[in-house]
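Participant: Protein chains in written order, with UniProt numbering: chain C, 1 to 300; chain P, 1 to 235.
Quick caveat, the hints were computed from the structure, so don't treat them as lab data. Since the structure is predicted, the reported quantities are computational estimates derived from the model, not experimental observations. Keep in mind that the hints are not guaranteed to be accurate.
Said to hold, decoys possible - Taking lysine to aspartate or glutamate and the DMTMM-like style, the derived pairs with C-alpha atoms no more than 25 angstroms apart in a straight line are:
id	chain 1	residue 1	chain 2	residue 2
1	C	Lys169	P	Glu95
2	P	Lys72	P	Glu125
3	P	Lys25	P	Glu57
4	P	Lys128	C	Asp182
5	P	Lys72	P	Glu28
6	C	Lys88	P	Glu71
7	C	Lys168	P	Asp175
8	C	Lys294	P	Glu95
9	C	Lys168	P	Glu95
10	C	Lys171	P	Asp220
11	P	Lys178	P	Asp220
12	C	Lys168	P	Glu28
13	P	Lys3	P	Glu71
14	P	Lys5	P	Glu83
15	C	Lys171	P	Asp113
What the hints assert, rightly or not - Partial pick of chain C residues on the chain P-facing surface, computed with a CB cut under 8 angstroms:
id	residue
16	Glu139
17	Gly173
18	Lys174
19	Arg177
20	Met183
21	Arg187
22	Val189
23	Gly190
Stated by the list, open to error - Distance windows between CB atoms, simulated:
id	chain 1	residue 1	chain 2	residue 2	range
24	C	Gly108	P	Leu168	54 to 62 angstroms
25	C	Ile285	P	Gly84	28 to 36 angstroms
26	C	Ser184	P	Ser136	47 to 55 angstroms
All C-beta atoms in this analysis are idealised placements derived from N, C-alpha and C, irrespective of residue type, glycine included.
Single-letter residue listing:
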Amino acid sequence: MDYFLELFLGGLTRGSIYALIALGYTMVYGIIQLINFAHGEIYMIGAFVALIVAGILTIYGFAGISVLVLAAIAAIIWACAYGYTLEKIAYRPLRGAPRLSPLISAIGMSIFLQNYVLLAQTSDFLPFPNLIPDFEFMEPVAHIIGSPELVILITTFVTMILLTLLIKKTKVGKAMRATQQDMSMARLVGINVDRIISLTFIIGSALAAIGGVLVASYIGQVNFYIGFLAGVKAFTAAVLGGIGSIPGAVLGGLVLGWTESFAAGYVSSDYEDVFAFGLLVLILILRPAGILGKARKQKV
Amino acid sequence: MLKIKNIQTYYGNIQALKDVSLEVKEGEIVTLIGANGAGKTTTLMSICGITPPRSGEITLDGDLITGMSAEKIVQQGIVQVPEGRRIFPDMTVLENLEMGAFLRKNKQLVQQDLNYVMTLFPILEKRKNQLGGTLSGGEQQMLAISRALMARPRVLLLDEPSLGLAPLIIKQIFDILKQINKENNTTIFLVEQNANQALKLADRGYVMENGRITLVDDADRLLENDDVRKAYLGM
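Chain C extracted, bound-state conformation (with noise of 0.2 angstroms):
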């Protein structure tokens, strides 16, 4: 029961941080339609950015949990600029162009931001600092679940609730969804989409930082292509979920992160990719649209 329960809560770490970076490509592709591809980077750069914080913090006397919400903030700050910049330079050009070229654009800033931080940094893998200390209270359910799973859980939680509240009640997240659901029409009531689409990048990318900073210090490394892995899972997941839908995302990332858990505890981890995409496979036979997606309506 113990290593079921392991599992479980494993797979539900692993499940929630792809969720978080899920829910970057998924908000921008319901309001725009384009697969954001270089959102993983967004998360390699928000890492990056806490791995340098955290050393000077930690020349400066800095230590433990302060270290880790303050390398996070300028994670986030830093990434949000980068997701902003990006949509600006890479995408708001191409607004109605063909829906590849936009595309084609997003497969290039990915290259070109992999290969930037390559440049800047090193292809090698950089050590990340333990910024998440033991808990002791943590202590008697060590052997389940340790404290890093346990803060992973909790940021990831309390983010996608006030998430949640953002969108469902502030005036902003309903401009949000009216630009979602027709964006001419948004216009037409008085809404800036342009400043709604560049928001939507910023919040994406201040997930993708959070996820960013908190997969670096758990695994305790990074490295230029991260951005790359974590970001192909976490399609993954949005597409499993339902690309478009805010809930798909966060159930299309612990669906897969479980799946991940379980295939890796009970059969072999070497096949614990296999368990993702063939669940993938599956479940797009079944249904196209992914679990809670709706088809689009194709005016005609």
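Chain P: place on chain C using the hints.
Facilitator: Here is chain P on its own, set in the frame of chain C:
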């Protein structure tokens, strides 16, 4: 109040509006009638800044609005109820109405207008927590008009509000338009294919063919006009 002078609007290389000029005076109800594809919707979208004209000018009280962004034009008081109603389907009726008041800051006045539209269309009060997409066509049209009213428009533009609705509902909606025009002195510019109803409601009318204005006159004179009767009234 709203003046359009010699505008030309293109979709790519295709010219949809050819030298269109028209005027809507304060407090008037003016209708623009014409067949499918004549350019009626494009005229409205040009006014609203969605498909800005390539040349010519549009002024509101003498101030140029061509070249302004769509949201800026809404802010000037020109608000459109577009063709097909365009309700936000996954938002509640109340949220749709809130979106109509997106640019307004005074919460008290917004609440007042919310009560006002609910008295105009009591059905919306009943449906207020229902998703917009679940309403019937007539209810959606009422919601679309109410959403536009939430912006306190000075000029209300309507694109075929009667499309696909039962005659009884059309009558109800046109009566309300008359009432809005009387009570609030809201200027109304109505695009319609239902020429008979539109001309009965309006003070003046324009007839559009192939992107050009071909006729202008008082609405009751257009109703008597032989060409109009033949082409648009089926008589």
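Participant: Now look at each hint and say whether the structure bears it out.
Facilitator: Here's how the hints hold up against the structure:
1. C:Lys169 - P:Glu95: OK: lysine 169 of chain C and glutamate 95 of chain P at ~10 angstroms, within 25 angstroms.
2. P:Lys72 - P:Glu125: Answer violated: lysine 72 of chain P to glutamate 125 of chain P is near 30 angstroms, above 25 angstroms.
3. P:Lys25 - P:Glu57: holds (17 angstroms)
4. P:Lys128 - C:Asp182: Measuring from Cα to Cα gives roughly 20 angstroms; hence the hint holds.
5. P:Lys72 - P:Glu28: Measuring from Cα to Cα gives roughly 23 angstroms; hence the hint holds.
6. C:Lys88 - P:Glu71: The hint holds at about 20 angstroms.
7. C:Lys168 - P:Asp175: violated (35 angstroms)
8. C:Lys294 - P:Glu95: holds (21 angstroms)
9. C:Lys168 - P:Glu95: holds (10 angstroms)
10. C:Lys171 - P:Asp220: violated (45 angstroms)
11. P:Lys178 - P:Asp220: holds (16 angstroms)
12. C:Lys168 - P:Glu28: Given that 25 angstroms is the threshold and the Cα spacing comes to 40 angstroms, the pair is violated.
13. P:Lys3 - P:Glu71: holds (19 angstroms)
14. P:Lys5 - P:Glu83: holds (24 angstroms)
15. C:Lys171 - P:Asp113: At roughly 18 angstroms apart (the allowed maximum being 25 angstroms), aspartate 113 of chain P and lysine 171 of chain C satisfy the hint.
16. Glu139: violated (47 angstroms)
17. Gly173: This interface hint is violated because 10 angstroms lies over the 8 angstroms limit.
18. Lys174: holds (6 angstroms)
19. Arg177: It holds, given that the least Cβ distance between arginine 177 of chain C and chain P is near 6 angstroms, below 8 angstroms.
20. Met183: violated (10 angstroms)
21. Arg187: holds (4 angstroms)
22. Val189: This interface hint holds because 5 angstroms falls under the 8 angstroms limit.
23. Gly190: holds (4 angstroms)
24. C:Gly108 - P:Leu168: 54 to 62 angstroms: holds (57 angstroms)
25. C:Ile285 - P:Gly84: 28 to 36 angstroms: holds (34 angstroms)
26. C:Ser184 - P:Ser136: 47 to 55 angstroms: Taking Cβ atoms as reference, serine 184 of chain C and serine 136 of chain P lie about 23 angstroms apart, which means the hint is violated.
When held up to the earlier numbered hints, the structure conflicts with 2, 7, 10, 12, 16, 17, 20 and 26 and fits the remainder.
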